[in-house]
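Participant: Residue-level listing of the chains:
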Amino acid sequence: MEHIKTVETRNLCESAKNGGCGECQTSCQSACKTSCGIANQQCENNNK
Amino acid sequence: MIHQYKLGGYNIVLDICSGSIHVVDDVTYDLIGMFEANSREEAVKNLMDKYSGTEMGTKENIDECYDLILELKDNGKLFTEDNYKPMAGELKAKTSGIVKALCLHIAHTCNLNCEYCFASQGKYHGDRSLMSFEVGKRALDFLVENSGSRHNLEVDFFGGEPLMNFDVVKDLVKYARSIEKEHNKNFRFTLTTNGVLVDDDVIEFANKEMSNVVLSLDGRKEIHDRYRVDYAGNGSWEKIVPKFQKFVEARGNKNYYMRGTFTHANPDFVEDIKTMLDLGFTELSMEPVVCPDGDPSQLTEEDLPIVLEQYEKLAELMIERDKEGKPFTFYHYMIDLKGGPCIYKRISGCGSGTEYMAVTPWGDLYPCHQFVGDSKFCLGNIYEGVTNKEIQDEFACCNVYAHEECHDCWARLYCSGGCAANAYHSTGSVRGVYKYGCELFKKRMECAIMVAINREFGE
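The listed protein sequences correspond, in order, to chains A and B. If you count the first sequence from 1, position 45 lands on 44 in numbering that gives the first Met the number 0, and the numbers rise without skipping. If you count the second sequence from 1, position 240 lands on 239 in numbering that gives the first Met the number 0, and the numbers rise without skipping.
Careful, some of the hints might be misleading.
[Said to hold, decoys possible] Partial pick of chain B residues on the chain A-facing surface, computed with a CB cut under 8 Å:
{"#": "1", "residue": "V22"}
{"#": "2", "residue": "E63"}
{"#": "3", "residue": "M86"}
Simulated from the structure, these hints should not be mistaken for lab results. We put the CB at the ideal spot given by N, CA and C, even for glycine.
Excised from the complex, chain A in its bound form (with noise of 0.2 Å):
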């Protein structure tokens, strides 16, 4: 195999520069009600 293969993911730190829109979904609402996590969420962002 190759000896890295990278897989695509949003840079996080690129991200700064025109995150915090607030427009995605609060943590746990709407599905699990129990315990919380963020990364299953999506960015709902229009102007990234």
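Got chain A sorted already, so can you dock chain B onto it with the hints?
Facilitator: Leaving out everything else, chain B in the frame of chain A:
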């Protein structure tokens, strides 16, 4: 900071602060592990010994891997430093006073008597109560008034069992739809139900108006019926499963979750996931029970290794089903690597008590549904707004850097500090951490990322 682990035949390296994910060969995996504590010469020599006599063990091969690691580091994709701390309070400060989501406790009563219910059979340790239309209407007005420029507003109809007050649910949706245009808002409704009162009217209404429905089913009949019983003690599985099947079939492509709870009685919860799949459901969530310390349903230390193994089995099952062309979704394994949350969201923590609040049937505001019933957490009410600023400040300051235990945890930008209610109930402080929950969360993330990698690189 990096985190490396082996799972599903992959050597996985996460660069926590850039969000980068790499799949690497054995030599590179070992080199990355030695990178920070050893000089280049030491690391190369060590691995030449370890892999001696193999193609991988040549100096040339190991040097090549080392150079690639250096290149990633220079490009900000490995060993990236955490420079985000100064930004931690920014999002909440910027959005201070803005509310964008409410959990409406439409019914503090229930037609099931589930022993493990965190809401004490829907009553939240108080009296049975239904929300009136007037209270609900004022709550929606409160949300619109306090939502600033937020376009998407989320409202959950929650309980207890919200369908025990279905007419008010319908009237509130109608009212919300009548005001959303003039205020340039988009209401997204969710309904959580135990299924007992689901009928054609509910299905038609919910499939038209609810962005999401959360349907409570614990999986296997004997597991479900152990806790999810009516007041005569009869299990509800037989009654609700056909209703849920009809509901989901009629729902088309709209979101839903079959949401189960696993307890000490079924730490082998993948069997329950399989039951849900056999019943034709594909959008699944299975949550560890939340209950008081010492409750018989509580997950134990002995259950922990079983549960962790189950998460791996679940990941294997997902990969198998992908191969068979019968994929399914598990809520906690959903991860959008290319378009997930920005760094502000990742460090700000749960929005409970600030952008998200729960409303009791009589209009009191709480930081979230899990604090309802504990009067010291009452924030105010929908008529006067938030008056208990001290409690609200506690939640406003609750970002990922406020939890000491999170400072050196690799999962902190995936969980954002975790659930404030879980932290409070296990440590007495919303700035604590629920360590048992952390162990489960970390395993879920490792599995979720492995499944995502397999979807990208797998055969």
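Participant: Per the CB criterion, is M86/B less than 8 Å away from chain A?
Facilitator: Because about 7 Å separates M86/B from the closest Cβ in chain A, which is inside the 8 Å limit, the hint holds.
Participant: Answer holds if the nearest beta-carbon of chain A is closer than 8 Å to that of V22/B; otherwise answer violated.
Facilitator: holds, 5 Å
Participant: Quick check on E63/B please, does its C-beta sit within 8 Å of some C-beta on chain A?
Facilitator: holds, 7 Å
Comparing the model with each earlier hint shows no violations; every hint is respected.
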